[in-house]
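Chain by chain, the residues run as shown.
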Amino acid sequence: MQNNEIYKEEITHGLASYKVTIESILGGLYGRLFKNSMNIYREEIPRSVYFDLMKKHGENFPVEYLTKSLKSKIDYFSKKDPEYVADILKENIKSKEDNKKYSLKELYGPEWLKINSDVKEQAFELLKKQQDGFSILNEDSISRALIVKELDK
Amino acid sequence: MKQGFVTFADIMGWKGIWLKNQGSEKQILQDLLDIKEILDLQIESIKNTDGLEGLEVSIKLISDTFVVFSNYEADLEKEFEIHSVLVKELTLMALEKKLMIRGATSFGKYLTNDMSFVGPAIDEAASWHEQAESVSIFLSPTALLKVNCLNTSYWQDRSLELKKMRLNTKVLDWKEYYKSDFQEIFYDNSPIVPEISKKYLNTLEYLNAK
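Protein chains in written order, with the numbering used here: chain A, 1 to 153; chain B, 154 to 363.
Please note that a few of the clues may not be correct.
As the list claims (entries may be wrong) - Covered stretches of chain A (chain B as the covering partner; in silico rule of three or more C-beta atoms under 8 angstroms from a C-beta of chain B):
hint, region
1, 48 to 62
2, 65 to 77
3, 93 to 102
Unchecked claim - Straight line, CA to CA, 27 angstroms or less: simulated BS3-like cross-link-like pairs of lysine-lysine:
hint, chain 1, residue 1, chain 2, residue 2
4, A, Lys-56, B, Lys-200
5, B, Lys-189, B, Lys-155
6, B, Lys-155, A, Lys-114
Stated by the list, open to error - Far from chain B, some chain A residues (derived; all Cβ distances over 10 angstroms):
hint, residue
7, Lys-19
8, Gly-27
9, Ser-117
None of these hints come from the bench; they were simulated from the model. Positions of the beta carbon are idealized from the N, C-alpha and C atoms, including for glycine.
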């Protein structure tokens with residue numbers, strides 16, 4: 001059986017490098033998502049589904065469809081990456097033009113609630129170590145912590 | 154009652170793994186939950202695929218046992234292909250976490266809710282799934298009969314060694330997709346004493362076969 005790579009794309013997202021590859025296997029499509037060279041996710045369109053999609057939407061559709069589906073998972077895996085979460089928090093506080101006190105939830109946005117608590121804690125630890133241009137009040141509690149931008153005098 | 158394919162698959166040597174990892178049980182649980190999470194993500198994508206409206210497929214985890222069930226009255230061939238893809242991924246992900254998995258797939262009627270599953274297809278898969286003496290998922294009699302007229306390219310005709318008998322059936326062919334090194338699992342679990350050797354040697358034989 002010959003495995004035939006038909007698509008490859010490298011994507012930089014935050015601090016991580018992702019790679020999407022699609023191969024043709026068993027008459028269907030086999031897609032892989034790598035993060036920093038490690039295979040983190042796979043998705044397959046089996047032969048019969050592949051042929052139906054091609055008949056209905058054209059020859060290129062299944063590859064485009066799988067590519068889109070794999071790329072959509074990058075966001076999902078980013079939310080599980082403490083470095084990425086810490087980076088978003090840092091970027092968001094840097095973009096503020098006031099010195100109001102922001103909770104982590106306010107800074108990250110509504111998606112904060114979807115992040116696993118272990119990831120939040122690790123991201124918060126990273127943030128505490130990288131206080132540059134902002135300071136953290138109530139550092140001992142992730143739910144009570146407040147971030148303040150240090151405005152230039 | 155629904156009708157479809159049902160797979161039961163469990164981790165071989167689970168009691169030994171549990172005892173060997175005392176103090177880090179949380180990590181073993183996390184490994185199993187990680188596998189389920191990725192499969193749930195794949196299932197979500199499959200269900201959202203154009204043309205697969207009405208497909209029902211789900212995975213549950215009870216202790217070290219994964220249960221996959223599917224139902225798609227509109228197209229049995231597609232249901233079988235998708236079911237095969239998912240159990241193949243389950244096998245690969247378990248192996249990547251250095252867990253050896255074995256199981257059986259049946260076909261028939263079943264009923265499920267969040268916590269329970271009943272029906273002949275459940276009973277049949279549950280009764281066969283611990284029988285394999287290698288990393289393998291095989292078709293139990295009802296599924297073997299049902300797939301006669303279906304595309305079975307994910308499966309291989311084999312005479313499979315079970316605990317009490319040899320069974321001529323179709324066995325999931327996962328090695329084309331397996332990119333890790335089985336020797337790592339082999340040596341991690343050494344010494345391979347006679348009592349536990351069959352599952353390792355049979356799996357090696359499958360991997361080495363052309």
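Which earlier hints can't be squared with this structure?
Result: hints 3, 6, 8 break, sorted rising.
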